[in-house]
Amino acid sequence: MKTDIVLAGVGGQGILSIATTIGSAAVAQNLYLKQAEVHGMSQRGGDVQSHLRLSDKPIASDLIPKGKTDLIISVEPMEALRYADMLDKDGWLITNKATFENIPNYPNADDIYNEIKKIKNHIIIDGDAIAKEHGNAKAANIAILGAAAQFIDMPFEAFEDALKAIFGRKGEDVVNLNIEVLRAGAQAAKDYLK
Amino acid sequence: MQKTLFLGDEALAQGALDAGLSGVYAYPGTPSTEITEYIQGSKQAAEGNVHSKWCTNEKTAMEAAIGMSYSGKRALVCMKHVGMNVAADAFMNASIVGANGGLVVVSADDPSMHSSQNEQDSRVYGDFALLPTLEPSNQQECYDMVQYAFDISEKFRIPVLMRLTTRLSHSRSGVECKPARKQNDIHIPENLRQFVLLPAISKKNYNSLLAKQDEFIKHGENDGWNFLTEGSNKKYGIIASGIAYNYLMENYPDRQVPYPVLKISQYPLPVNMINKLAKECEELIVMEEGYPFIEKQIKGIVKSNLIVHGRLDGTLPRAGELNPNLVGIALKMEQKEYYAIPEVVKPRPPKLCDGCPHQSTFKALNDALEGYTLGRVFGDIGCYTLGALPPYQSINSCVDMGASITMAKGAADSGIFPAISIIGDSTFTHSGMTGLLDAVLVDSPITVFILDNETTAMTGGQDSAAYHRIESICKGIGVNPDHIKVLLPLPKEHEKNVAIIKEELKYHGVSVIIPRRECLQTLKRKKK
Numbered sequence: 001m002k003t004d005i006v007l008a009g010v011g012g013q014g015i016l017s018i019a020t021t022i023g024s025a026a027v028a029q030n031l032y033l034k035q036a037e038v039h040g041m042s043q044r045g046g047d048v049q050s051h052l053r054l055s056d057k058p059i060a061s062d063l064i065p066k067g068k069t070d071l072i073i074s075v076e077p078m079e080a081l082r083y084a085d086m087l088d089k090d091g092w093l094i095t096n097k098a099t100f101e102n103i104p105n106y107p108n109a110d111d112i113y114n115e116i117k118k119i120k121n122h123i124i125i126d127g128d129a130i131a132k133e134h135g136n137a138k139a140a141n142i143a144i145l146g147a148a149a150q151f152i153d154m155p156f157e158a159f160e161d162a163l164k165a166i167f168g169r170k171g172e173d174v175v176n177l178n179i180e181v182l183r184a185g186a187q188a189a190k191d192y193l194k
Numbered sequence: 195m196q197k198t199l200f201l202g203d204e205a206l207a208q209g210a211l212d213a214g215l216s217g218v219y220a221y222p223g224t225p226s227t228e229i230t231e232y233i234q235g236s237k238q239a240a241e242g243n244v245h246s247k248w249c250t251n252e253k254t255a256m257e258a259a260i261g262m263s264y265s266g267k268r269a270l271v272c273m274k275h276v277g278m279n280v281a282a283d284a285f286m287n288a289s290i291v292g293a294n295g296g297l298v299v300v301s302a303d304d305p306s307m308h309s310s311q312n313e314q315d316s317r318v319y320g321d322f323a324l325l326p327t328l329e330p331s332n333q334q335e336c337y338d339m340v341q342y343a344f345d346i347s348e349k350f351r352i353p354v355l356m357r358l359t360t361r362l363s364h365s366r367s368g369v370e371c372k373p374a375r376k377q378n379d380i381h382i383p384e385n386l387r388q389f390v391l392l393p394a395i396s397k398k399n400y401n402s403l404l405a406k407q408d409e410f411i412k413h414g415e416n417d418g419w420n421f422l423t424e425g426s427n428k429k430y431g432i433i434a435s436g437i438a439y440n441y442l443m444e445n446y447p448d449r450q451v452p453y454p455v456l457k458i459s460q461y462p463l464p465v466n467m468i469n470k471l472a473k474e475c476e477e478l479i480v481m482e483e484g485y486p487f488i489e490k491q492i493k494g495i496v497k498s499n500l501i502v503h504g505r506l507d508g509t510l511p512r513a514g515e516l517n518p519n520l521v522g523i524a525l526k527m528e529q530k531e532y533y534a535i536p537e538v539v540k541p542r543p544p545k546l547c548d549g550c551p552h553q554s555t556f557k558a559l560n561d562a563l564e565g566y567t568l569g570r571v572f573g574d575i576g577c578y579t580l581g582a583l584p585p586y587q588s589i590n591s592c593v594d595m596g597a598s599i600t601m602a603k604g605a606a607d608s609g610i611f612p613a614i615s616i617i618g619d620s621t622f623t624h625s626g627m628t629g630l631l632d633a634v635l636v637d638s639p640i641t642v643f644i645l646d647n648e649t650t651a652m653t654g655g656q657d658s659a660a661y662h663r664i665e666s667i668c669k670g671i672g673v674n675p676d677h678i679k680v681l682l683p684l685p686k687e688h689e690k691n692v693a694i695i696k697e698e699l700k701y702h703g704v705s706v707i708i709p710r711r712e713c714l715q716t717l718k719r720k721k722k
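Protein sequences, first through last, are from chains B and H.
Note that this note's numbering gives residue 111 to position 111 of the first sequence, counting from 1, and the numbers run on in steps of one.
Heads up: take any position in the second sequence, counting from 1, add 194, and you land on this note's numbering.
Bear in mind the hints are in silico, worked out from the structure with no lab data behind them.
Since we're looking at a predicted model, the values are computed, not measured.
Think of the CB as a built atom: it goes at the ideal place given N, C-alpha and C, for glycine as much as any other residue.
Check each hint, because a few of them may be wrong.
Quick look at which bits of chain H chain B covers, simulated, 3 or more residues with Cβ under 8 Å [unchecked claim]:
#: 1; stretch: 359–366
#: 2; stretch: 508–521
#: 3; stretch: 594–600
Restricting the straight-line Cα-Cα distance to at most 30 Å, the calculated cross-link-like pairs of lysine-lysine (DSSO-like) are [stated by the list, open to error]:
#: 4; chain 1: H; residue 1: 530; chain 2: B; residue 2: 120
#: 5; chain 1: B; residue 1: 57; chain 2: H; residue 2: 530
#: 6; chain 1: H; residue 1: 412; chain 2: B; residue 2: 132
#: 7; chain 1: B; residue 1: 170; chain 2: H; residue 2: 237
#: 8; chain 1: H; residue 1: 526; chain 2: B; residue 2: 2
#: 9; chain 1: H; residue 1: 722; chain 2: B; residue 2: 138
#: 10; chain 1: H; residue 1: 349; chain 2: H; residue 2: 428
#: 11; chain 1: H; residue 1: 540; chain 2: B; residue 2: 97
#: 12; chain 1: B; residue 1: 164; chain 2: H; residue 2: 721
#: 13; chain 1: H; residue 1: 718; chain 2: B; residue 2: 138
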């Protein structure tokens, strides 16, 4: 088993929380893991990414080679495309539909969606809307994770357990909300592929 | 054995704690910050009363660590690569005085300059100071090597340098830990003149350091961190160090490299191992993160005219960090086809947070400067360096910690008036105070903005040594109290702030303006 994931988004959108959740699930499954993060200046509203590698064998590089990423998980659609060169031609690109427009020359959203649709395997879901429906707009990242979970070779419950472990100290309500958002994200992805 | 997920920085920190560390000394700097933060948050460190408070700058950190080593205890000093320049005076002389308790210096390099002004290679400092240097390539090695570093530091009574790079510092993986060793008791040096660098003693110490060099090399040959893996294809011999070794292995899914590979993790270089490789291979390829450091040294080690490929002959790029693809291309391996990045993707540079106090300051400064010619504002290192970019474009320089004040003074000496300096609170106490004294000594007509957001913001909100001290420091240095003005950088205060700034710009002497409002990020965290 090997899953190489690029997580993408804008600083502050919670991509490290996605990484933590997958990482925690992977450790519980006794998998090898390497996760390269970006800290420092680039976190200030700029583009951020993290390379997350899971395998049942020891992993050599902290960075994924170009063209060999199994999964791009992005909380922002333009950011998903920023790492298109990383994606394996058979890999999947899973992205939020909601744009984060904090630059003056942000492109037309439809132009972005059209480019995403040129990628063979892709899923676009509105993570922001799903999160809002469940009462916490900030949980869009968890909805996107839910959409991506089916492509990571671990049981869905492993992700739910990871959320329980991570949000446990914030109380049952927070845990339940995140699990609901995770499930809704997974459902939205299934609907998209229908 | 149970593994714990650690960043490279955290693995090194836990390794140091388990090696019986008594104190960590550091100033925050990406990508090294998490080493000290980990120790500050560690229960084990708290129970062992391990000193971990931030220092004012890297030089004071290095010196305090030398003091702890003098006392017989184990001390760790951590910084980013450019911090080594600040600490260099203490570091270079620490190599001559030597160590008593184990002294390990960690410098985290930032090739590709993700969050830095340059990509200098700290291994050069290790060579410069004639000290052993260790370069781990994974998180487990971070943990294990720092323990070895303390051991050889005490064995040879010298400081030891450890070099990390961004991709290791900030990458997480599982690490196996060992039982902790207990801390050293206080024992001052037997020779009470060991740390006295009077010329006569320095000469003796220096010769003793030179005499140890062969031993350092022998340890590099024998202690297992440098190792040679056989390969049947002798067309190339590969020398790979640090994280570049991982990229090499990534290109061979079964981890079987057909060529002989010498992994380098310990310097000075293992001369015999390199000569053995050189003798049996037709050409050498050197893969290393940072400068062509090994590549250059090899040419002095290998006596034949063997061809050496690397960053100098263009086999690998001269600048920037490596990755698995660049290493694969160097080995002439076919690269996988990949999607092109569509043109619709636009750059998204970092920017000041919405509502950041620096925004109000830059707006007020820009308005106050209306009517003056452009190009008179000297900046410094911190989030506010982003003020050089649109929409503010307020600052015209960023060189090194503290340079805003001294460059403004130099510009004023040249006749530029008004010359303006922009420096953050933590940067001011790091390296701005002495420059301000220079300005006061000649009554330089400069206006110094000390942007006080009450934290070391860019590295993630560490305590600032300037907290509640800026006015008294400025007065103590001799700034006229009538020209020390505090502003509240908020949009509703804009007109008032512009008026105060305009007034101070006219003053022919040192004036200090302190826009003070807490960083939004630290405020948000406190509210959580």
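Here is what the structure says about each hint:
no. : hint             : verdict
1   : 359–366          : holds (count 5)
2   : 508–521          : holds (count 3)
3   : 594–600          : violated (count 0)
4   : H:530 with B:120 : 16 Å, holds
5   : B:57 with H:530  : 22 Å, holds
6   : H:412 with B:132 : 63 Å, violated
7   : B:170 with H:237 : 22 Å, holds
8   : H:526 with B:2   : 25 Å, holds
9   : H:722 with B:138 : 15 Å, holds
10  : H:349 with H:428 : 38 Å, violated
11  : H:540 with B:97  : 17 Å, holds
12  : B:164 with H:721 : 23 Å, holds
13  : H:718 with B:138 : 15 Å, holds
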